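Participant: Chains as they are written, first to last, in this note's numbering: chain C, 1 to 432; chain U, 433 to 864.
Just so you know, the hints here were simulated from the structure itself, not pulled from any lab data.
The model shown is predicted, which means the values in this text are computed figures rather than measured ones.
Mixed in with the good hints there might be a few duds.
[Said to hold, decoys possible] Simulated crosslink set (DMTMM-like; lysine to aspartate or glutamate; CA at most 20 Å straight-line): (1) C/LYS5 <-> C/GLU34; (2) C/LYS176 <-> C/GLU245; (3) U/LYS758 <-> C/GLU34; (4) C/LYS407 <-> C/GLU374; (5) C/LYS291 <-> U/GLU458; (6) C/LYS291 <-> U/ASP506; (7) U/LYS723 <-> C/GLU27; (8) C/LYS291 <-> U/ASP714; (9) U/LYS723 <-> C/ASP282; (10) U/LYS608 <-> U/ASP628; (11) U/LYS839 <-> U/GLU779; (12) C/LYS326 <-> U/GLU466; (13) U/LYS436 <-> U/GLU508; (14) U/LYS723 <-> C/GLU26; (15) U/LYS758 <-> C/ASP324; (16) C/LYS407 <-> C/ASP346; (17) C/LYS326 <-> U/ASP756.
[Claimed, not checked] Simulated restraints on C-beta separations: (18) U/PRO777 <-> C/GLN30: 47 to 55 Å; (19) U/ASP692 <-> C/PRO57: 22 to 30 Å; (20) C/GLN30 <-> U/LEU622: 46 to 54 Å; (21) U/GLY609 <-> C/ALA179: 40 to 48 Å; (22) C/ASP260 <-> U/ARG553: 20 to 28 Å; (23) U/ARG484 <-> C/GLU114: 14 to 22 Å; (24) U/ASP481 <-> C/ARG257: 41 to 49 Å.
Ideal Cβ positions, reconstructed from N, Cα and C, are used throughout, including at glycine.
There are 2 protein chains.
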Amino acid sequence: MEHKKELVLGLAGYGVVGTGLARALEEAHQLIPERTGRSLRIKTILVRDVSRPREWPVPEGARLTTSLEDLLGDPEIDVVVELIGGTTTARDILRRALEAGKHVVTANKALLAENGEDLFRLAAAGNLHLGFEASVAGGIPIVHTLRNGLAANRILSLSGILNGTCNYILSEMTHKGIAFNQALSEAQQLGFAEADPTLDVGGFDAAHKLVLLIRLAWGVEYPYTRLPVQGIDTMDPVDIAFARELGYRIKLLGHARMTDNGLEAGVFPTLLHESFLLSSVDGAFNAIRVKGSASRSVFLHGRGAGATPTGSAVLSDLLDIARDAKPNNTGFLRQTPFPATIHNPDEAVDPYYFRLQVPDNPGVLRDVAGAMAENGISIAHAIQKGQAPDIVPLVFMTHKATALAVKNALARLEELGLLRAAPVCYRVLAPE
Amino acid sequence: MEHKKELVLGLAGYGVVGTGLARALEEAHQLIPERTGRSLRIKTILVRDVSRPREWPVPEGARLTTSLEDLLGDPEIDVVVELIGGTTTARDILRRALEAGKHVVTANKALLAENGEDLFRLAAAGNLHLGFEASVAGGIPIVHTLRNGLAANRILSLSGILNGTCNYILSEMTHKGIAFNQALSEAQQLGFAEADPTLDVGGFDAAHKLVLLIRLAWGVEYPYTRLPVQGIDTMDPVDIAFARELGYRIKLLGHARMTDNGLEAGVFPTLLHESFLLSSVDGAFNAIRVKGSASRSVFLHGRGAGATPTGSAVLSDLLDIARDAKPNNTGFLRQTPFPATIHNPDEAVDPYYFRLQVPDNPGVLRDVAGAMAENGISIAHAIQKGQAPDIVPLVFMTHKATALAVKNALARLEELGLLRAAPVCYRVLAPE
Numbered sequence: 001m002e003h004k005k006e007l008v009l010g011l012a013g014y015g016v017v018g019t020g021l022a023r024a025l026e027e028a029h030q031l032i033p034e035r036t037g038r039s040l041r042i043k044t045i046l047v048r049d050v051s052r053p054r055e056w057p058v059p060e061g062a063r064l065t066t067s068l069e070d071l072l073g074d075p076e077i078d079v080v081v082e083l084i085g086g087t088t089t090a091r092d093i094l095r096r097a098l099e100a101g102k103h104v105v106t107a108n109k110a111l112l113a114e115n116g117e118d119l120f121r122l123a124a125a126g127n128l129h130l131g132f133e134a135s136v137a138g139g140i141p142i143v144h145t146l147r148n149g150l151a152a153n154r155i156l157s158l159s160g161i162l163n164g165t166c167n168y169i170l171s172e173m174t175h176k177g178i179a180f181n182q183a184l185s186e187a188q189q190l191g192f193a194e195a196d197p198t199l200d201v202g203g204f205d206a207a208h209k210l211v212l213l214i215r216l217a218w219g220v221e222y223p224y225t226r227l228p229v230q231g232i233d234t235m236d237p238v239d240i241a242f243a244r245e246l247g248y249r250i251k252l253l254g255h256a257r258m259t260d261n262g263l264e265a266g267v268f269p270t271l272l273h274e275s276f277l278l279s280s281v282d283g284a285f286n287a288i289r290v291k292g293s294a295s296r297s298v299f300l301h302g303r304g305a306g307a308t309p310t311g312s313a314v315l316s317d318l319l320d321i322a323r324d325a326k327p328n329n330t331g332f333l334r335q336t337p338f339p340a341t342i343h344n345p346d347e348a349v350d351p352y353y354f355r356l357q358v359p360d361n362p363g364v365l366r367d368v369a370g371a372m373a374e375n376g377i378s379i380a381h382a383i384q385k386g387q388a389p390d391i392v393p394l395v396f397m398t399h400k401a402t403a404l405a406v407k408n409a410l411a412r413l414e415e416l417g418l419l420r421a422a423p424v425c426y427r428v429l430a431p432e
Numbered sequence: 433m434e435h436k437k438e439l440v441l442g443l444a445g446y447g448v449v450g451t452g453l454a455r456a457l458e459e460a461h462q463l464i465p466e467r468t469g470r471s472l473r474i475k476t477i478l479v480r481d482v483s484r485p486r487e488w489p490v491p492e493g494a495r496l497t498t499s500l501e502d503l504l505g506d507p508e509i510d511v512v513v514e515l516i517g518g519t520t521t522a523r524d525i526l527r528r529a530l531e532a533g534k535h536v537v538t539a540n541k542a543l544l545a546e547n548g549e550d551l552f553r554l555a556a557a558g559n560l561h562l563g564f565e566a567s568v569a570g571g572i573p574i575v576h577t578l579r580n581g582l583a584a585n586r587i588l589s590l591s592g593i594l595n596g597t598c599n600y601i602l603s604e605m606t607h608k609g610i611a612f613n614q615a616l617s618e619a620q621q622l623g624f625a626e627a628d629p630t631l632d633v634g635g636f637d638a639a640h641k642l643v644l645l646i647r648l649a650w651g652v653e654y655p656y657t658r659l660p661v662q663g664i665d666t667m668d669p670v671d672i673a674f675a676r677e678l679g680y681r682i683k684l685l686g687h688a689r690m691t692d693n694g695l696e697a698g699v700f701p702t703l704l705h706e707s708f709l710l711s712s713v714d715g716a717f718n719a720i721r722v723k724g725s726a727s728r729s730v731f732l733h734g735r736g737a738g739a740t741p742t743g744s745a746v747l748s749d750l751l752d753i754a755r756d757a758k759p760n761n762t763g764f765l766r767q768t769p770f771p772a773t774i775h776n777p778d779e780a781v782d783p784y785y786f787r788l789q790v791p792d793n794p795g796v797l798r799d800v801a802g803a804m805a806e807n808g809i810s811i812a813h814a815i816q817k818g819q820a821p822d823i824v825p826l827v828f829m830t831h832k833a834t835a836l837a838v839k840n841a842l843a844r845l846e847e848l849g850l851l852r853a854a855p856v857c858y859r860v861l862a863p864e
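Can you build the whole structure from these sequences, using the hints too?
Facilitator: Following this line, the structure appears as structure tokens:
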């Protein structure tokens, strides 16, 4: 690419992230030439409706259009920034922009996680940038950190609070003792949750991000459709309270670790000991802990969403382009990840938290402990409290056990007729 | 530079960091070619005494030498990695290596902070890398983060726990209630502090790092010799205890913020509210909080020293070189920082913590509050406790005041004969 004094941008989308980018760019208009020798200019913005009011003015000199051709067919545009979300039109825009020889930057985690391979191949074939810093953890530069700052580490594990909506809801439930539905509707009123919250509270958004982090950390593909995912939509504040009593917080955690038997990964509500920095991540923040073979534990914390934090991430990719950096899209030489060797999720070994509603009979604790012991699960701490007559919650934490042993133990308890309600069972993040 | 299958390294020094690099490199020997297409090989290691026993074997195929010429005169060596510390020989090695057309990587914060300018100029003139990720905050990739991940942000402030020795000592004093000297000698026994601890406990090491962070954040030079620095060597555990009672921890903080009147910076023991993530950084860890115009607050935490964490940082620079990345040494186009516009340190505005030993007379609190008020300082919280007969500690926190007002108020109290011992006075990091 010829080194022009300006890097010219075409935006697809001018919603929260698009306007955030425009704001961040205006804030940095003096700084960017000092850092890169070039200015960034938004020339054309693709929108569905040019007359709709915007949260931030259209930058001076930029024009709105409803025609994708105004981006793709304009030889002056160097980079197409895709900020419309979704997986159909967005994919088409990115593919065609790369085919037209333009660099691309995107915040689209769903698209890249579910169906990104050919985009990375196209980018590599054209020696083009495919920047996606904004697709994971908002303003935290985790993509750059895994591709560059920690690039010489064999990654042992990574653990992230990757969805601000869930973290906000869980924080509210923790601090106010309110129910999930109330916390969700408050989050919706504040704009922290969508009208249809499934993607967030079901854990699927965190799963998309985890798939991208796994690619960056290990250069391998853990297919999104195979990733074990459990959301927070059935979270009961009573478990948050019991966890606190035991010295833990419950967070929705995306977790991946490399074992001798392959990669273990999933998104689960997880108990974190209060001595872990991850446990103190409150509100709509994100945080990621990376354990590297040499660096050991590195922890990053910041805003997981929001207009200008996401704009900051988009700009970091644009600065790489403005600096004429060599594309380093995947962080590896190969542009297509190897299929991950996946450790059977049934064999993942973790400590667990249980809450069982059991009859208040003598001998119940013995029978429960027996069903656990039969499956090789040993109990570490237990809390038993009187509550309703006849039925009591039996709360305990176990030493490490396989997911299969936990399933089998619960089936056995069911068989013995000991469960008066659906059992609650969450993983605990063990110190490593 | 020709793209060879190997990047060949010459090391100067094979102590803690050198052996840590060798270990980290061995751990990553499969990964690095996957990430860069090349292997890294240590060919020659400059040491003072080839017969001295080492903490880690000399890598296979490498040889020890006592002659710098074996590094500089060897055309096969692409990069000289300077890990001997000190500012005289190290400077000579780096300068001559750059003049010989070799990339350099260093962990030497003192050298770069006190006298780095011509090295950056030499590197730029030769289009060479001058990597210094390892010189600040060990395994935390803060140099890459400021140069790349957060590069499009106007930095509003940065605050760091930059010296692991001090943080270890303060943590021990906090958790065990022991005196500074005892904590220091324990740290020395554990290898966390040098026999001569002045550079660490005097705050000078943190000051070197802060100067480097300021260059990366703002592209300006705050001369090391002008930076206000206060160490922890006079820290009394009683102040740590009073601070805790008020909901604060005391940390040695390197802090810089951009104000309308210029840059405000310094290294001071500082009270951090326990709700700040920085306050929960314990032991020999480092952490840095960066506030960017777009990203807002980003917090990074990890090991500030140690063999392989520092090795990880050195390797991150070596991977940039192995990837044939364009040198981006300063993070700015200019290789020589502008002189910083420095806000008069006397005019820095912060809340303060005071502990005064005052006579136990009626009217003393009135007189103290009067001396404060005369200087425009208002008291936010006060604790007064009976202790020795006749003399009591008067502990209070103030609203924001200038450093000059604090000086003047203390002089006035002295003049009034109200101080029975040297006053203790620390800054408080205010929420921004």
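Participant: Please go over all the hints and tell whether each is borne out by the structure.
Facilitator: Going down the list of hints, with the structure as the test:
no.	hint	in the structure
1	C/LYS5 <-> C/GLU34	12 Å, holds
2	C/LYS176 <-> C/GLU245	15 Å, holds
3	U/LYS758 <-> C/GLU34	16 Å, holds
4	C/LYS407 <-> C/GLU374	12 Å, holds
5	C/LYS291 <-> U/GLU458	17 Å, holds
6	C/LYS291 <-> U/ASP506	37 Å, violated
7	U/LYS723 <-> C/GLU27	14 Å, holds
8	C/LYS291 <-> U/ASP714	18 Å, holds
9	U/LYS723 <-> C/ASP282	18 Å, holds
10	U/LYS608 <-> U/ASP628	24 Å, violated
11	U/LYS839 <-> U/GLU779	11 Å, holds
12	C/LYS326 <-> U/GLU466	16 Å, holds
13	U/LYS436 <-> U/GLU508	10 Å, holds
14	U/LYS723 <-> C/GLU26	17 Å, holds
15	U/LYS758 <-> C/ASP324	8 Å, holds
16	C/LYS407 <-> C/ASP346	9 Å, holds
17	C/LYS326 <-> U/ASP756	8 Å, holds
18	U/PRO777 <-> C/GLN30: 47 to 55 Å	26 Å, violated
19	U/ASP692 <-> C/PRO57: 22 to 30 Å	25 Å, holds
20	C/GLN30 <-> U/LEU622: 46 to 54 Å	47 Å, holds
21	U/GLY609 <-> C/ALA179: 40 to 48 Å	43 Å, holds
22	C/ASP260 <-> U/ARG553: 20 to 28 Å	50 Å, violated
23	U/ARG484 <-> C/GLU114: 14 to 22 Å	56 Å, violated
24	U/ASP481 <-> C/ARG257: 41 to 49 Å	42 Å, holds
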